[in-house]
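**Student:** Since the structure of chain D is provided, determine the placement of chain W on it from the hints.
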Amino acid sequence: MALTNDIIQQKLQEKFGDAVTNFSQPYGMLTFEAPKEMNLKVMQFLYDDDQLAFRFLTDLCAVHFPDNKGNELAVVYHLHNLVENVRIRFRVFTSIDQPDVFTATQLFSSANWQERETYDFYGVNFVGHPNLKRILNVDEMDYFPMRKEFPLEDQVRIDKDDEMFGR
Amino acid sequence: MDVREQIKESNKDFAGQIIETPTGGIISGTFDDIVNWARSNSLWPLTFATSCCGIEMMSTASAKYDFSRFGFEVARATPRQADVIIIAGTIVNKMAPVLKRLYDQMPDPKYVIAMGACAISGGPFFYNTYSVVKGADHVIPVDVYIPGCPPRPEALLHSLIALQEKIKLGWTRAQIRENSLASKV
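Protein sequence lines, in the order shown, are assigned to chains D and W. Quick note: the first sequence, position 120, residue 120 per this note's numbering, numbers continuous. Quick note: the second sequence, position 12, residue 12 per this note's numbering, numbers continuous.
For reference, chain D alone in the conformation it holds in the complex:
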């Protein structure tokens, strides 16, 4: 039997109950949220279950929501079942004052560099990561450039008219 989004959702809810929330299927991709303490348990379950078998970490990144007080940073995991060719995505939220999230490196080796990149740009502290240091930016950098409080462009420039760029 083909693995459908409904089966995945049902299995997750059977296992974790109310801990997993906000199920939706934008563009047909199952998306949900989990508490940040449970990110490893959810991933381990998705990995170990013979029917689910999400054994490939496609992408790991973060999003900054400055208005979402107490839960400013979201860490997004994209998982792939290579047998059934099904993808899912789930997010965990963390406060920006204490951005500690458990590392996924024990489960997926590919998480190593992706977590370093996420740390580099958003400052998410992956607890238990073997080598959590900057990967793309210079080591001397003392801020996390993709956070929203860091301005994208010089605000005083007048030669870049938004109309000319279709914005």
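Wrong hints could be hidden among the right ones.
Some but not every residue of chain W turned toward chain D, in silico, with C-beta under 7 Å [claimed, not checked]:
no.	residue
1	93
2	94
3	130
Here are the simulated DSSO-like pairs of lysine-lysine, each with C-alpha atoms no more than 27 Å apart in a straight line [what the hints assert, rightly or not]:
no.	chain 1	residue 1	chain 2	residue 2
4	D	148	W	94
5	W	168	W	110
6	W	134	D	148
7	W	110	W	166
8	W	110	W	100
9	W	134	W	166
10	D	133	W	100
11	D	36	D	15
12	W	134	W	100
13	D	69	D	148
14	D	41	D	15
15	D	133	W	134
16	W	134	W	110
17	D	133	W	94
18	D	36	D	69
Away from chain W, derived, C-beta distances all over 12 Å, residues of chain D [stated by the list, open to error]:
no.	residue
19	58
20	64
21	78
Hints are computed from structural coordinates only; laboratory data are not their basis. Don't be surprised by glycine CBs; every beta carbon is placed ideally from N, CA and C.
**Tutor:** Only chain W this time, still in chain D's reference frame:
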């Protein structure tokens, strides 16, 4: 004047003078001029491309544009054998120390060409980001700037010829500044 004529005109002169004698010719001239003439006609570029300008540089090197016509054909993969570095692309903060080290490893005399908007000023797209050096001349001194995004191969050839002219002139930086100020007045 036709550009080709112009190039022929400025490249034809041998720096010295040949004095004919019954048993053959004698070359005379200022030693510096002859050295500069020789140097300008055999500039070995360093293969160094950090982004899309590199594609134009490869095009300039290959059959259609062929910068070996002007003496640039011996592209070197090591700075220790190169005379000129063409900065073809964006220099990011992490690349800046590498660029400086490459420049330091090149033997004197050495020349620098900043190719394209990124190498001149940080670029049209990445101008104000967290990672880009706003002009390669913050890191190493530049002899010739070529605008463009990316510059066409003809523009790169033009800049290479301009560099040859500059070398043949044999002026110091101070002399160039003085004379360019004088010509403006």
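**Student:** None of the hints should be skipped; say for each whether it holds.
**Tutor:** Structure-based check of each hint:
1. Taking 7 Å as the C-beta cut-off, the interface hint given for residue 93 (chain W) holds, the closest approach to chain D being about 5 Å.
2. Evaluation of the residue 94 (chain W) hint against chain D yields a held restraint, the C-beta minimum of about 5 Å falling below 7 Å.
3. The restraint placing residue 130 (chain W) at the interface with chain D holds, with a minimum CB-CB distance near 4 Å, inside the 7 Å limit.
4. About 23 Å separates the Cα atoms of residue 148 (chain D) and residue 94 (chain W), which keeps this hinted pair within 27 Å; it holds.
5. Of the supplied pair hints, the one linking residue 168 (chain W) and residue 110 (chain W) holds, its CA atoms being roughly 14 Å apart against a limit of 27 Å.
6. Under the criterion of a C-alpha separation no larger than 27 Å, the hint pairing residue 134 (chain W) with residue 148 (chain D) is consistent with the structure, at around 22 Å.
7. The straight-line distance between the Cα atoms of residue 110 (chain W) and residue 166 (chain W) is roughly 13 Å, inside the 27 Å bound, and the hint therefore holds.
8. Among the hinted pairs, residue 110 (chain W) with residue 100 (chain W) is consistent with the structure: their alpha-carbon atoms are about 13 Å apart, no more than 27 Å.
9. Restraint check for residue 134 (chain W) and residue 166 (chain W): satisfied, since their Cα atoms lie roughly 25 Å apart, inside the 27 Å limit.
10. Between residue 133 (chain D) and residue 100 (chain W) the CA atoms are separated by roughly 24 Å; this keeps the pair inside 27 Å, and the hint holds.
11. Between residue 36 (chain D) and residue 15 (chain D) the CA atoms are separated by roughly 17 Å; this keeps the pair inside 27 Å, and the hint holds.
12. The hinted pair formed by residue 134 (chain W) and residue 100 (chain W) meets the criterion: a straight-line CA distance of about 15 Å does not exceed 27 Å.
13. Taken as a hint, the residue 69 (chain D) and residue 148 (chain D) pair is honoured in the structure, with Cα atoms around 14 Å apart against an allowance of 27 Å.
14. For the hint linking residue 41 (chain D) to residue 15 (chain D), the alpha-carbon distance of about 10 Å falls within 27 Å, and the restraint holds.
15. For the proposed pair residue 133 (chain D) and residue 134 (chain W), the alpha carbon gap of about 26 Å is at most 27 Å, so the pair holds.
16. Using a Cα cut-off of 27 Å, the hinted pair residue 134 (chain W) and residue 110 (chain W) holds, with the two alpha carbons roughly 22 Å apart.
17. About 15 Å separates the Cα atoms of residue 133 (chain D) and residue 94 (chain W), which keeps this hinted pair within 27 Å; it holds.
18. Restraint check: the Cα-Cα separation between residue 36 (chain D) and residue 69 (chain D) comes to about 16 Å, which is no more than 27 Å; the hinted pair holds.
19. Remark: the non-interface label on residue 58 (chain D) is consistent with the geometry, its nearest Cβ contact in chain W lying 25 Å away (cut-off 12 Å).
20. The non-interface label for residue 64 (chain D) is consistent with chain W: the shortest C-beta to C-beta separation is roughly 14 Å, beyond 12 Å.
21. No beta-carbon of chain W is positioned within 12 Å of the beta-carbon of residue 78 (chain D); the least distance is around 25 Å.
Figure legend: structure checked against the earlier numbered hints; every hint is met.
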